[in-house]
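If you're matching them up, the sequences are chains A and B in order. Heads up: the first sequence at position 337 corresponds to 336 in numbering that gives the first Met the number 0, and the numbers run straight through without jumps. Heads up: the second sequence at position 457 corresponds to 456 in numbering that gives the first Met the number 0, and the numbers run straight through without jumps.
Treat the hints with caution; some may be incorrect.
What the simulated footprint calls covered on chain A by chain B, stretch by stretch (three residues with Cβ under 8 Å from a Cβ of chain B suffice, anywhere in the stretch; the number is not a length) [stated by the list, open to error]: (1) 148-160; (2) 182-196; (3) 370-383.
Partial pick of chain A residues on the chain B-facing surface, computed with a CB cut under 10 Å [to be verified]: (4) Lys245; (5) Gln246; (6) Tyr247; (7) Leu249; (8) Ile274; (9) Ala275; (10) Gly280; (11) Ser290; (12) Gly293; (13) Trp355.
Simulated from the structure, these hints should not be mistaken for laboratory data. C-beta atoms are modelled at their ideal positions from N, C-alpha and C, and glycine is treated no differently.
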Amino acid sequence: MASDQGIRESEPQSFFDLVFARLGVNLSKMGTSKLQRNGYLSKVYLMELIPNALLVLFGALVIWSASLTIPEASFLRHLLGIVLGLIVAAAMWKYDYSVFADKFTFLLVLDIVLMLLPAVPGLGYNAKGMTGWIQVPFIGMTFQPSEFAKIVTILLMASVVGTYNGKIDTLKDYLKLCGILCIPFVLILTQPDLGTGLIVLVLGASIIICGGAKARWVLITVGIIVVGAFAVVASSMTEGLPHILKQYQLNRLIVFVDPSVDPAGNGYNLQQAKIAVGSGGFFGKGIGHASQAGSGFLPEAHTDFVFALLAEEFGFLGSVFLLFLFGWMIIATVGLALRVDTPFAKLVCVGVAAMWTFQLLQNVGMCIGIMPITGIPLPFISFGSSSMMSQLLAAGLVQSVWRHRKKSG
Amino acid sequence: MSLSTIIIILLVILLLALAGLYVFYNRGDEKLQFDIGGQAPRASGGNDASAERTIRSRLIGLGLASLSVITVLFARLWSMQLVSKDEYTTQAESNRTRTISLAAPRGRILDRSGNEIVGNRPSLTVISKPEVADNAIEVQLLGNLIGMPAAAVRRKIQDQSEGAQSDRTVASDVSRRVVAYIGEHPYLFEGITVQERSARSYPYGKLAAHVVGYTGTVTREQLEESAKSEDEGAIVYETGDTVGQAGVEFQYENVLQGIRGEQSVHVDASGTVLEYSTSVEPQSGSDIVLTIDAPLQQAVEDSLADIINRIRSSVSKKCRAGSAIVMDVTNGEILAMASCPTYSPNIFVGGISNDDWSALQSEQSDNPLMNRAISGQYPSASTIKPFTTIAALDNGIANDKSEYDCTGWWTGFGEGSGQYCWEHKGHGHMNLRTGIIYSCDTVFYEIGKGFYESKNPEALQAKLKEWGLGELTGIDLPGESVGRIPDAEWKWNYYTSAADTDREWKGGDFTNLAIGQGDLLVTPIQMGCAYAGLATGGKVWRPHVLKSVRTRTGSGSVVDYDPQILREVVEDEKFRNIVIEGLKGVITEESEHIKRHFETLPVSVAAKSGTGERIGHNPTAWFISFAPADNAKYAVIVTIEEATWASTSSLYVNRDALGALYDAPDSIVPAMEGIDSIGD
Numbered sequence: 000m001a002s003d004q005g006i007r008e009s010e011p012q013s014f015f016d017l018v019f020a021r022l023g024v025n026l027s028k029m030g031t032s033k034l035q036r037n038g039y040l041s042k043v044y045l046m047e048l049i050p051n052a053l054l055v056l057f058g059a060l061v062i063w064s065a066s067l068t069i070p071e072a073s074f075l076r077h078l079l080g081i082v083l084g085l086i087v088a089a090a091m092w093k094y095d096y097s098v099f100a101d102k103f104t105f106l107l108v109l110d111i112v113l114m115l116l117p118a119v120p121g122l123g124y125n126a127k128g129m130t131g132w133i134q135v136p137f138i139g140m141t142f143q144p145s146e147f148a149k150i151v152t153i154l155l156m157a158s159v160v161g162t163y164n165g166k167i168d169t170l171k172d173y174l175k176l177c178g179i180l181c182i183p184f185v186l187i188l189t190q191p192d193l194g195t196g197l198i199v200l201v202l203g204a205s206i207i208i209c210g211g212a213k214a215r216w217v218l219i220t221v222g223i224i225v226v227g228a229f230a231v232v233a234s235s236m237t238e239g240l241p242h243i244l245k246q247y248q249l250n251r252l253i254v255f256v257d258p259s260v261d262p263a264g265n266g267y268n269l270q271q272a273k274i275a276v277g278s279g280g281f282f283g284k285g286i287g288h289a290s291q292a293g294s295g296f297l298p299e300a301h302t303d304f305v306f307a308l309l310a311e312e313f314g315f316l317g318s319v320f321l322l323f324l325f326g327w328m329i330i331a332t333v334g335l336a337l338r339v340d341t342p343f344a345k346l347v348c349v350g351v352a353a354m355w356t357f358q359l360l361q362n363v364g365m366c367i368g369i370m371p372i373t374g375i376p377l378p379f380i381s382f383g384s385s386s387m388m389s390q391l392l393a394a395g396l397v398q399s400v401w402r403h404r405k406k407s408g
Numbered sequence: 000m001s002l003s004t005i006i007i008i009l010l011v012i013l014l015l016a017l018a019g020l021y022v023f024y025n026r027g028d029e030k031l032q033f034d035i036g037g038q039a040p041r042a043s044g045g046n047d048a049s050a051e052r053t054i055r056s057r058l059i060g061l062g063l064a065s066l067s068v069i070t071v072l073f074a075r076l077w078s079m080q081l082v083s084k085d086e087y088t089t090q091a092e093s094n095r096t097r098t099i100s101l102a103a104p105r106g107r108i109l110d111r112s113g114n115e116i117v118g119n120r121p122s123l124t125v126i127s128k129p130e131v132a133d134n135a136i137e138v139q140l141l142g143n144l145i146g147m148p149a150a151a152v153r154r155k156i157q158d159q160s161e162g163a164q165s166d167r168t169v170a171s172d173v174s175r176r177v178v179a180y181i182g183e184h185p186y187l188f189e190g191i192t193v194q195e196r197s198a199r200s201y202p203y204g205k206l207a208a209h210v211v212g213y214t215g216t217v218t219r220e221q222l223e224e225s226a227k228s229e230d231e232g233a234i235v236y237e238t239g240d241t242v243g244q245a246g247v248e249f250q251y252e253n254v255l256q257g258i259r260g261e262q263s264v265h266v267d268a269s270g271t272v273l274e275y276s277t278s279v280e281p282q283s284g285s286d287i288v289l290t291i292d293a294p295l296q297q298a299v300e301d302s303l304a305d306i307i308n309r310i311r312s313s314v315s316k317k318c319r320a321g322s323a324i325v326m327d328v329t330n331g332e333i334l335a336m337a338s339c340p341t342y343s344p345n346i347f348v349g350g351i352s353n354d355d356w357s358a359l360q361s362e363q364s365d366n367p368l369m370n371r372a373i374s375g376q377y378p379s380a381s382t383i384k385p386f387t388t389i390a391a392l393d394n395g396i397a398n399d400k401s402e403y404d405c406t407g408w409w410t411g412f413g414e415g416s417g418q419y420c421w422e423h424k425g426h427g428h429m430n431l432r433t434g435i436i437y438s439c440d441t442v443f444y445e446i447g448k449g450f451y452e453s454k455n456p457e458a459l460q461a462k463l464k465e466w467g468l469g470e471l472t473g474i475d476l477p478g479e480s481v482g483r484i485p486d487a488e489w490k491w492n493y494y495t496s497a498a499d500t501d502r503e504w505k506g507g508d509f510t511n512l513a514i515g516q517g518d519l520l521v522t523p524i525q526m527g528c529a530y531a532g533l534a535t536g537g538k539v540w541r542p543h544v545l546k547s548v549r550t551r552t553g554s555g556s557v558v559d560y561d562p563q564i565l566r567e568v569v570e571d572e573k574f575r576n577i578v579i580e581g582l583k584g585v586i587t588e589e590s591e592h593i594k595r596h597f598e599t600l601p602v603s604v605a606a607k608s609g610t611g612e613r614i615g616h617n618p619t620a621w622f623i624s625f626a627p628a629d630n631a632k633y634a635v636i637v638t639i640e641e642a643t644w645a646s647t648s649s650l651y652v653n654r655d656a657l658g659a660l661y662d663a664p665d666s667i668v669p670a671m672e673g674i675d676s677i678g679d
């Protein structure tokens, strides 16, 4: 029943195996091809590595084009971020991820420390109105610990949910898991960084759901969250009640619902992003010809709104290529989750895949007006070393899962 | 959007089909399971395989969720980048395209021989964004650079008269050094730019200031009006445009104002021009050729100012104001029009300062912006007597045989309401002709009494109106006053707070009107037109300052002003002759003094003086002449306010104007005082 690579041949083929088989690609065979079986290549998960590498290259191209017109978008710094990220990823890949499976307490403490770092006097650094940055002493580089906290949270949630082995039977257990997830979520909200908080919430929830939570509880929880969110928004908009959301967050929501409310103010970014994307057309305007991003109409064109820049320069073709690469990478990660043995390994992959999916949805979605504006970077594309390093770390984690998967069934 | 909607629906169907496919491949034991329910808990060593299967189905669910996210994004991108591409492209273009309007040079204003009274010159202007006012250091630096106090610079920047959002003019006509310094230190002068603008220039200085008027920045009212205008080809103003605000600049704004050009440019988000695109050249405004003769205008202005100065420095300290008009009675052309005190139109260039504006509006300044030749309203005084005479002849109140006896004290309405003739000693035996020559009030009191006692007393007012008194002349300048011919109805309605007996029209009102005093008000231009009618035998041309319009673009064609007849008054030639003979006698018979002044002219002159009484003021001096007396070409109308010498002072200006016209200057230097008062 088991191959030497730990892939259970007898296991009923998954939906993806069947779909890919129809397309002439055999997912399971991919891992057991001659190329992978022998030599160094067998230690890397090509199905994830190829789209990931293409994304990094694509991102570098986009940032290089942005650097032509936006002085802040330093191409060299972007390359430095990639190099640092590759080092971190390689280290993660070499390292056996499974040692984290029973390090729940360590991970929790690490998570909390990362979240609290910016609050340490002398380390905290203000950027874009958030306190979520720290400045590394002596070096002077700034980075965002919450980016790394996302990865730690994945490991944390996977380690604790994994112990349930796919079945979370009692309400008490379920509530305990939700409570653990709330720790990093609430800490991030206090920074305040609603965007990262939402990512943590989504990836944690994905891990809990895939880890075997009862559907009924999940639905009830979602219901409570929806009602709670409405209550928060309504309270923030009503005179006299506590304003939990900041005014700018509220404005973003209002503008998301009706962009024409204030086209010069809060609606401006959204409007400009949509114009950039839409005017890109099928083939795009070409590198260096993006009038929206290149002439400063599109703010944050190299960071939060990088997708709008990409869509303007590379058009529908480039946008779809990006979606394709993400889709490939995410499905490959989910595919890996299907094939590895331990619940911890599966859930780590789930967390990474959920993170990428949500960040893709949020970042691309806000540029095209289907999600409210939040400061979430587009993985592997946006300018910013913290994001690049943490995303490559996540990729390294997936590769580590591949490399250190059980060799026998 | 309909196409994209269809595409989204198709994609949803595709997703459902994929889900169906999945169910198809997982039928039987491998059914989709999201929850296992009822299984033994992990702690009791439950079924491991089913737990595995739960994770498996949920992982597949996660994969499907990811795919559907990507599908939604794909569908939206399809709709935006393929279906609605043109709409967004249009918005992107309008984002980066700005249209800079290119100001068209304003037409020049020339005198009748083509001398440039108003021209254009380039002016280096410092422009500031409104926010600069908040930057104290920058304001101070700018003030030091252009030599203005910082407070003044800030006031200029805060001045919103050019529109709240528009850039502010800080200084005009700055030196090249200033321009170079600002250019070399852009970081010190953020928000400050230097533009080369076209400014009005006045080669003759103040010459004919009241005729040419001045320009200013378009006002909000004018902007709104031009935006509302539905006229084809009407000028649509933009904030900051220079428009005529007075005089010919205002009257012929549509001619002088050019048609702006447009330059499309591509800009970045901060408005910096990246590249130039298409352009439409501006079309210059047309030149205006005036009927004004610059040398004559200069002579008249100099004389008027000189005489007023002499009066002020000798006998009447309050004497500051007056006007003089020289017109061609054969076609209505205004050859010269002066008003005193005057102003320099140059102070309006680049925006008049608040201080200058208040100074021009103040009580002490005697309203220098007012063109007294057309807006000044005075009792006509004795200059009305020719028309009273004609009215009397016409209505049978008097005839060429009528005789009067002037004792200096007239008691036609009884001793209690007796009135003096201006000559208290009395003129003795008078007729209509000598009545005009000596301006004998008694003659005209009798005429006034005659009208009062006639069946149709207001025939007097009707005749005066027929000659155009109390009526607009329709001169092509803004701000003309209408004057007033009082009658019974007017008096009753005007003095509403007085007792009824005081509101009634009385005999004294007629005697006052007959000598041009009391409630009567006329303007110098009205009197000029009336005398022009006398001079030509009844035909009055509409007075005008426009001679022709010269286009500066294309063929440079010239359009001449087409003179119009304002009115034609038909009078018996015999009546007119009596009056003309009287007016000639004013020069030749009344006094040696007047005669000596006019002897040196190569032509005979007909004239009438007048002394308008104003309660609480020194009298207003009138002197109206036309020449040659028998075949008139020119009429000269002079008024001086607060003139103690009375009409003598206006006589000098009048004589100087005729001297300039006929190149025969007055050889007698005007004496300062002790002159016999000439006929009132």
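Structure-based check of all given hints:
Counting residues of the stretch 148-160 of chain A whose CB falls under 8 Å from any CB of chain B gives 0; the rule of at least 3 is not met. Counting residues of the stretch 182-196 of chain A whose C-beta lies closer than 8 Å to any C-beta of chain B gives 0; at least three are required, and the coverage claim is violated. Evaluation of the coverage hint for the stretch 370-383 of chain A: breached, as 0 residues show C-beta separations to chain B shorter than 8 Å, against a requirement of three. Hint on Lys245(A) is violated. Least Cβ distance to chain B is approximately 25 Å, over the 10 Å limit.
The criterion of a C-beta within 10 Å of any C-beta in chain B is not met by Gln246(A), whose closest approach is roughly 24 Å, and the hint is violated. Hint status for Tyr247(A): violated, given a least beta-carbon distance of 20 Å to chain B, over 10 Å. Residue-level restraint check for Leu249(A) is violated (minimum Cβ-Cβ distance to chain B is 25 Å; threshold 10 Å). Given hint, Ile274(A) at the interface with chain B, holds; its Cβ is 5 Å from that chain's nearest Cβ, closer than 10 Å.
Taking 10 Å as the C-beta cut-off, the interface hint given for Ala275(A) holds, the closest approach to chain B being about 7 Å. Taking 10 Å as the C-beta contact cut-off toward chain B, the hint placing Gly280(A) at the interface holds, the least distance being around 4 Å. Because the smallest distance between the Cβ of Ser290(A) and any Cβ of chain B comes to about 5 Å, under 10 Å, the interface hint for this residue holds. Given hint, Gly293(A) at the interface with chain B, holds; its Cβ is 8 Å from that chain's nearest Cβ, closer than 10 Å.
For the restraint placing Trp355(A) at the interface with chain B, the shortest Cβ-Cβ distance is roughly 8 Å, inside the 10 Å limit, so the hint holds.
Going down the numbered hints, you'll see the structure goes against 1, 2, 3, 4, 5, 6 and 7, while the others check out.
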